[in-house]
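The hints should help you fit chain D onto chain G, whose structure is shown.
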Amino acid sequence: MSEPLLSACGLAVRFGSITALDSVGAALWPGEVLAVVGESGSGKTTLLKVLSGRVRPEAGHVWYRAPDGERTDVHAMPLPMLRRLHRSDWGFVEQDPRQALRMDVSAGGNVGERLMAAGARHYGHIRDEAARWLAEVEIDVARIDDKPATFSGGMLQRLQIARTLVTQPRLVFMDEPTGGLDVSVQARLLDLIRTLVRRLGIAVVLVTHDLAVARLLAARIMVMQRGQVVEDGLTDQVLDDPRHPYTQLLVSSVLAA
Amino acid sequence: MKGYNFAYLDEQTKRMLRRALLKAVAIPGHQIPFAAREMPLPYGWGTGGIQVTAAVLGRCDTLKVIDQGADDTTNAVSIRRFFARTAGVATTTRTAHATIIQTRHRIPETALTEAQIIVYQVPQPEPLYRLEPSRTETRRMHALSEYGAMHVRLYEQVARYGQIAISYDYPVMVNGRHLMAPSPIPAFDNPKMHRMPALQLFGAGREKRIYAVPPYTDVASLDFEDYPFRAGRAPHACALCGAQASYLDEVVTDDRGGRMFVCSDTDYCASRREQAP
Chain G
-6 MSEPLLSACG
4 LAVRFGSITA
14 LDSVGAALWP
24 GEVLAVVGES
34 GSGKTTLLKV
44 LSGRVRPEAG
54 HVWYRAPDGE
64 RTDVHAMPLP
74 MLRRLHRSDW
84 GFVEQDPRQA
94 LRMDVSAGGN
104 VGERLMAAGA
114 RHYGHIRDEA
124 ARWLAEVEID
134 VARIDDKPAT
144 FSGGMLQRLQ
154 IARTLVTQPR
164 LVFMDEPTGG
174 LDVSVQARLL
184 DLIRTLVRRL
194 GIAVVLVTHD
204 LAVARLLAAR
214 IMVMQRGQVV
224 EDGLTDQVLD
234 DPRHPYTQLL
244 VSSVLAA
Chain D
5 MKGYNFAYLD
15 EQTKRMLRRA
25 LLKAVAIPGH
35 QIPFAAREMP
45 LPYGWGTGGI
55 QVTAAVLGRC
65 DTLKVIDQGA
75 DDTTNAVSIR
85 RFFARTAGVA
95 TTTRTAHATI
105 IQTRHRIPET
115 ALTEAQIIVY
125 QVPQPEPLYR
135 LEPSRTETRR
145 MHALSEYGAM
155 HVRLYEQVAR
165 YGQIAISYDY
175 PVMVNGRHLM
185 APSPIPAFDN
195 PKMHRMPALQ
205 LFGAGREKRI
215 YAVPPYTDVA
225 SLDFEDYPFR
235 AGRAPHACAL
245 CGAQASYLDE
255 VVTDDRGGRM
265 FVCSDTDYCA
275 SRREQAP
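In order, the protein sequence lines correspond to chains G and D.
Take -6 as the starting number for the first sequence in this note's numbering and just add one per residue.
Take 5 as the starting number for the second sequence in this note's numbering and just add one per residue.
Bound conformation, chain G alone (with noise of 0.2 Å):
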């Protein structure tokens, strides 16, 4: 636990005239669950792209270190590693379900096509691991050959997260996984979510505007203002006494139910 999975430095990004990224830095270790908060605009969803190499930083080094210890640098490896990475050791949780899922392929197709792409080419051994990763993210297995065309929004993104997860990976990024769902469901993911990242001891960058979210999930917050990280620290500790003027703003503005 000694060296960080992920760490980041000096990351800036601006579009135009605005300032998505000033000098933002992290650092995640394997296991760990990081969150982003902050409002719409603070650069929470730049900062994810940016570690997950699909934006690239104007100033700044994104490292990541791989199973055998190396450590690279993500924005200076060349397109098929990158893309292999995305294939295989990491995962990316799209907001919306949809943008990441092949919506007229069967549920079994869509867990299915990152085994597919790491080479695997037995059809039985690719069924039955996709059913198994439904029942994993508690889908009924009967419906491993209906498109997600006919799944509830809830279903969807638990069909997403078990696509994303199939293939083991060490590290997942999430942006807003819970966003457009109702409470109920949000909850049910959310147990879900903690249930598989503890188990498989999945590194996650969580990126979110719930602090009931971030509390739930993360042993580690970052609150994002303006583009730059204005605290950062434990997430029970943040959130009971934050010190910055903004998160103080944040913390209590959560209406109590």
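Calculated from the structure, these hints are not laboratory results.
Note that the coordinates shown come from a computational prediction; the quantities given were computed from them, not determined experimentally.
Heads up, the beta-carbon is just placed ideally off N, CA and C, and yes, glycines get one too.
Hints may be right or wrong, so weigh each one.
[Unchecked claim] Covered stretches of chain G, as calculated for chain D (at least 3 residues, CB under 8 Å):
id	stretch
1	66 to 76
2	90 to 102
3	116 to 125
Frame of chain G, contents of chain D only:
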């Protein structure tokens, strides 16, 4: 024919086509863009194939044109006549006598030789196009050899039909590297492409792509370990020549359910009947 260059196309166009063909042969299965010309027939009738044929045709060549295996359908007859008029080359319906065979939807039953070139008319050269709408992305997938998505399509077939039910344009891996659409030939013909002694050229006129499989190149149909590729054909013998192993067309003979199965390769069927006692 007066006023036209040999084989209709001007020499500069043929030069451009030949350069594309050379590149295509150098990278088996890789699609090479080319500037397809307007041809005196509509897109979808073989504008790609006819341009490739024009580019490789010489004065001593003998041309055969087949459409769905037949030498006597409109498309085959008019393309054959087109080259007979514009190039003055000899034409034939005999597979063994031809040096260049332009084809739509079939590979002849008679095995081809090193002395022959087969030119396929291709409507859709991109095997990934139903899976990935962006051509920029499919090019990247080809470049990085990322073909997992194609197996998703096969997975769907097995999940839905219990077998891989793609009966034509069955995707193949060429030389272990490039995924290729073999044009809409029946899956039955796919094994004939594997290590074929003849040069195979593919022309897609509307999509403006040329690709090729050089002689003796490995061509493998995609499949699963537990669902291997099977070349299907109708389980009948040809009603005319009695062939047991050729690809058959089903012909409806009346409106009371009468039907017969005959060889789709008319030249193969006719020569078998001639040889029979």
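Verification of the supplied hints:
For the stretch 66 to 76 of chain G, the assignment as covered by chain D holds, since 3 residues bring a beta-carbon within under 8 Å of that chain's beta-carbons and 3 suffice. Three residues within the 8 Å Cβ limit are the bar, and the stretch 90 to 102 of chain G against chain D gives 5, so the coverage statement holds. Given as covered by chain D, the stretch 116 to 125 of chain G passes the check, having 4 residues with a CB less than 8 Å from a CB of that chain where 3 are the minimum.
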